[in-house]
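**Q** Build out the structure end to end from the sequences listed, making use of the hints.
Protein sequence lines, in the order shown, are assigned to chains P and H. Counting in our numbering, the first sequence runs without a single skipped number right up to 93 at its last residue. Counting in our numbering, the second sequence runs without a single skipped number right up to 1043 at its last residue.
Do not rely on the hints blindly, as some may be mistaken.
Chain P stretches covered by chain H per the calculated footprint, using a threshold of three residues with CB under 8 Å from any CB of chain H [unchecked claim]:
| id | stretch |
| --- | --- |
| 1 | 30 to 44 |
| 2 | 58 to 66 |
The list that follows gives simulated cross-link-like pairs (lysine-lysine, DSSO-like), each with its CA atoms no further than 27 Å apart [claimed, not checked]:
| id | chain 1 | residue 1 | chain 2 | residue 2 |
| --- | --- | --- | --- | --- |
| 3 | H | Lys369 | H | Lys526 |
| 4 | H | Lys422 | P | Lys62 |
| 5 | P | Lys62 | H | Lys427 |
It should be emphasised that the hints constitute simulated quantities derived from the structure, not laboratory data. Virtual Cβ for every residue (Gly too), placed ideally from N, Cα, C.
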Amino acid sequence: MSPAEKLVYMANQIARNLETAGRDHAARQTAEHIIAFWDPRMKQMILNHLDAGGTGLSEIAHAAIAEVRANVDA
Amino acid sequence: MTYVRQNDFGTPAVSAEETVTLTIDGRDVTVPQGTTVMRAAAEIGTAIPKLCATDNLKQFGSCRLCLVEIDGARGTPASCTTPVASGMVVHTETPRLQKLRRGVMELYISDHPLDCLTCSANNDCELQDQAAAVGLRDVRYGYEGENHLGLETDTSNPYFDFDPSKCIACSRCVRACDEVQGTFALTMDGRGFASKISAGLASDDFLGSECVSCGACVQACPTATLQEKAVKEIGLPDRSVVTTCAYCGVGCTFRAEMRGEQLVRMVPWKDGKANRGHSCVKGRFAWGYAQHADRILKPMIRASIADPWREVEWDEAFAYAASELKRIAAKYGRGALGGITSSRCTNEETFLVQKLVRAGFGNNNVDTCARVCHSPTGYGLKTTFGTSAGTQDFDSVEQSDVMLVIGANPTDGHPVFASRMKRRLRQGAKLIVIDPRRTDLVRSPHIEAQHHLPLKPGTNVAVLTAMAHVIVTEGLANEAFIRERCDWDEYQDWATFVSEAKHSPETLAAVTGVDPTELRAAARLYATGGNAAIYYGLGVTEHSQGSSTVMAIANLAMVTGNIGRPGVGVNPLRGQNNVQGACDMGSFPHELSGYRHISDGAARKLFEDDWGVTLDPEPGLRIPNMLDAAVDGTFKALYIQGEDILQSDPDTKHVAAGLAAMECVIVHDLFLNETANYAHIFLPGSTFLEKDGTFTNAERRIQPVRKVMSPLNGLADWEVTQRVAQAMDLDWHYTHPSEIMDEIARLTPSFTGVSFERLDAEGSLQWPVNEAAPDGTPVMHIGGFVRGRGKFVVTDYVPTDERTGPRFPLLLTTGRILSHYNVGAQTRRTANVAWHPEDLLEIHPTDAENRGLKDGDWVKLASRSGETTLRALVTDRVAPGVVYTTFHHPMTQANVVTTDYSDWATNCPEYKVTAVQVAASNGPTDWQEDYSRLSERARRIEGVAAE
Chain P
20 MSPAEKLVYM ANQIARNLET AGRDHAARQT AEHIIAFWDP RMKQMILNHL
70 DAGGTGLSEI AHAAIAEVRA NVDA
Chain H
97 MTYVRQNDFG TPAVSAEETV TLTIDGRDVT VPQGTTVMRA AAEIGTAIPK
147 LCATDNLKQF GSCRLCLVEI DGARGTPASC TTPVASGMVV HTETPRLQKL
197 RRGVMELYIS DHPLDCLTCS ANNDCELQDQ AAAVGLRDVR YGYEGENHLG
247 LETDTSNPYF DFDPSKCIAC SRCVRACDEV QGTFALTMDG RGFASKISAG
297 LASDDFLGSE CVSCGACVQA CPTATLQEKA VKEIGLPDRS VVTTCAYCGV
347 GCTFRAEMRG EQLVRMVPWK DGKANRGHSC VKGRFAWGYA QHADRILKPM
397 IRASIADPWR EVEWDEAFAY AASELKRIAA KYGRGALGGI TSSRCTNEET
447 FLVQKLVRAG FGNNNVDTCA RVCHSPTGYG LKTTFGTSAG TQDFDSVEQS
497 DVMLVIGANP TDGHPVFASR MKRRLRQGAK LIVIDPRRTD LVRSPHIEAQ
547 HHLPLKPGTN VAVLTAMAHV IVTEGLANEA FIRERCDWDE YQDWATFVSE
597 AKHSPETLAA VTGVDPTELR AAARLYATGG NAAIYYGLGV TEHSQGSSTV
647 MAIANLAMVT GNIGRPGVGV NPLRGQNNVQ GACDMGSFPH ELSGYRHISD
697 GAARKLFEDD WGVTLDPEPG LRIPNMLDAA VDGTFKALYI QGEDILQSDP
747 DTKHVAAGLA AMECVIVHDL FLNETANYAH IFLPGSTFLE KDGTFTNAER
797 RIQPVRKVMS PLNGLADWEV TQRVAQAMDL DWHYTHPSEI MDEIARLTPS
847 FTGVSFERLD AEGSLQWPVN EAAPDGTPVM HIGGFVRGRG KFVVTDYVPT
897 DERTGPRFPL LLTTGRILSH YNVGAQTRRT ANVAWHPEDL LEIHPTDAEN
947 RGLKDGDWVK LASRSGETTL RALVTDRVAP GVVYTTFHHP MTQANVVTTD
997 YSDWATNCPE YKVTAVQVAA SNGPTDWQED YSRLSERARR IEGVAAE
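**A** See below:
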């Protein structure tokens, strides 16, 4: 797995474990988790991946990374 | 401190509210009802002669030496078996008693060698003491008759000898093995004159028997019958220092008994609140690594790992380390540096390493080996209860009616606590074991689990959810507790979730492999059996759903109200001695000490004001992220204190690739470990015997570690880290670890009441120790959870992505055994290798037969990550389809096989589930051969000939 693919896998795994909370809630929790536990370079890499189309991200993970983006921009 | 034998009150203390006052030799004494006359006398300093009695064993009444006279009572009762009574008048020294005792002693001595002057127990022998105490001057029977004096000594055990010629048949060793250790390996064989102590069958010697070498029998022996070899070789100690064991998370307290600067023996301290005077083979005996010839005592450096090491002075090593770290920070940015703290080092040392990273390196790239063991415990318990720690003290088990042990094998991993569990189980507590293997607890002498749920590896969450389903749908939830203590809305959401039909034991059986009837019965027992406590280990955490499983466990405790009082709770059994402490000290990249998130501005400001720096508010890299970043080229330098990530972390090839990609790896350790093969700077470490500090055990108990000898390398580990920090221009001037603890207390709300002074005075303290709990906190969450209301978390079962298939049809799970510790760096350098010289692959007879394998055959163990070879142990302890091995030996490198899958929340590796294939092998794998060559090359030291 490339570094970006690994982060996609991690984001999807977090989202999958939280998805029983429902899409929006799970996306928010996934974003909060990534903000709280990922190093800045990991965040930047997954944001770059999102900007490049977000290939491989699940629906919830995709929404979560978008929330991370909004948090970074805020 | 001069050597003083620990006081022995003869019989165990009794805890009773009612007291009794009696008179002994004219002195009044008041003791709890049920106390023996012997103990009551000892309480006022009257030592009644005794041989078969000792205060950690139940009274036995066989030696007839402790006779007393009691006014109004007939005869001369044994004081060890006579309970006190109100108004009782006891006489311990009368002419009649003296005559009787001399007669008894005469018989003992008539069949005992009179070699006191050359005996290894001379001056430390209770028989000798009692002969003196009773005034024995003559033995009328002579020595010509039949006796036991010529019996051969059994020297098979590497740590102690058994000389039956000196045995007085008091049965203390047998009773210690039964009552204290719970192994029942020893027995009194024969009757009368033919009585003799036997380790198992008559054909067994000690080494070949079921004896686990815990040392309880040696400690109990009143003569030199069972004697430490070290005492025979060195002589009796002349002083002792109380300190804390550096092996597992039980945190046993020992007296390090010294002769000058030489350690003679480690004897469990009876006042130790974690171990209550017991020990295991590691803590009691396996300390020889401290003086092993492999210790590296001089710093070494090299520009490239292709070069041999060059020994240098400390100053040069520190200057070189600082120059490399500064060079790399300037070239790649400060984010290219990081550090790993050690769960084998003290709280103070750990605190300094994370401080060096945060304040010196200027980032939060610090992590600890808890990443690969109990990081899900931190996440799960903080989320549900509000604090990242177990809820109980060890004493709590004595009030448990039901124990649920999941993913833990305490007999091997936490042996001293396992003995306490077994004692409670023998008293009648019920046991549920959830484990793919039939661990020792499932069935051992006088213990049998009511329910063993042999689940398929990786299905913990499904099993626990099914148990919750039973509890909720059968109306067994403790609604009053939940309404009072937990968030009711969250509970309802969770209850609705677990009540769904798809979570029934019957439906989930297809996934878990667990008999639904048995699971339902286990759930009912846990919910309704009285005080129910959950104990868990790495079989819970080291999964892709490790954090979910911890939260599922917390859910079970809350739904049944089994939290917030003695006898219940959620108890993670910590692997290494200071895992709890390393986590407490802010070793995780997202947390400051006391589990405060690095983004918490108020918490950060406390540290910034104290340290005079600005801290990065962003979390740093975890260990696996560091290795990924290294391979990716953005992480270049790592300071590793007391860890061997190459051997202990998963997917060895990836770890090696990460280390090889770094420009500066600093290994600070006792030995040239496997990670050091990839290091550029080696800083010699010091053992727990060579420094002061504290460890915090699995019950949050902070205990002193005391220097009993000078550091062989000249510096304690905290001094080494301080010198690195000073070379990095940090203004640190600690003169003693107590000053570091003062800083920890100043900055950590749960430690505000902790100081070395208090620890010296009180022995230990369980955090939180602060204004709200000035004497510490043995049991947490009494009256309310730390986070406010307990949080039920929906834990959906998500299967691991590691799947079996045609290429890899078996599931590998890894673990530990009793005689070795973690990567074995310490225990492999002791005589413990007598029990476990190599890692073995446990495989079920059916799976072995299908592959044409026999017990002892060399086999290749292969996964999608890598392959290794080791020998097979054919056993039905593992279920069909499951294989098991340990990771104690570097030439096996079991982690070559494990994968990079990890817990979703914490990246704790999934050691417990790897799809593998096993086949016959006729030689080492390419990896093993390559690694062997690399290892030999990487360990060269200029000017030092290889052995």
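**Q** Does each hint fit the structure? Answer for all of them.
**A** A quick look at each hint next to the structure:
1. 30 to 44: As far as the stretch 30 to 44 of chain P goes, the hint holds, because 7 residues have Cβ atoms under 8 Å from chain H.
2. 58 to 66: With 4 residues closer than 8 Å to chain H, the stretch 58 to 66 of chain P meets the three-residue bar; holds.
3. H:Lys369 x H:Lys526: 24 Å, holds
4. H:Lys422 x P:Lys62: Roughly 25 Å separates the two Cα atoms, so the pair holds.
5. P:Lys62 x H:Lys427: The given pair, whose Cα atoms are some 22 Å apart, holds under the 27 Å limit.
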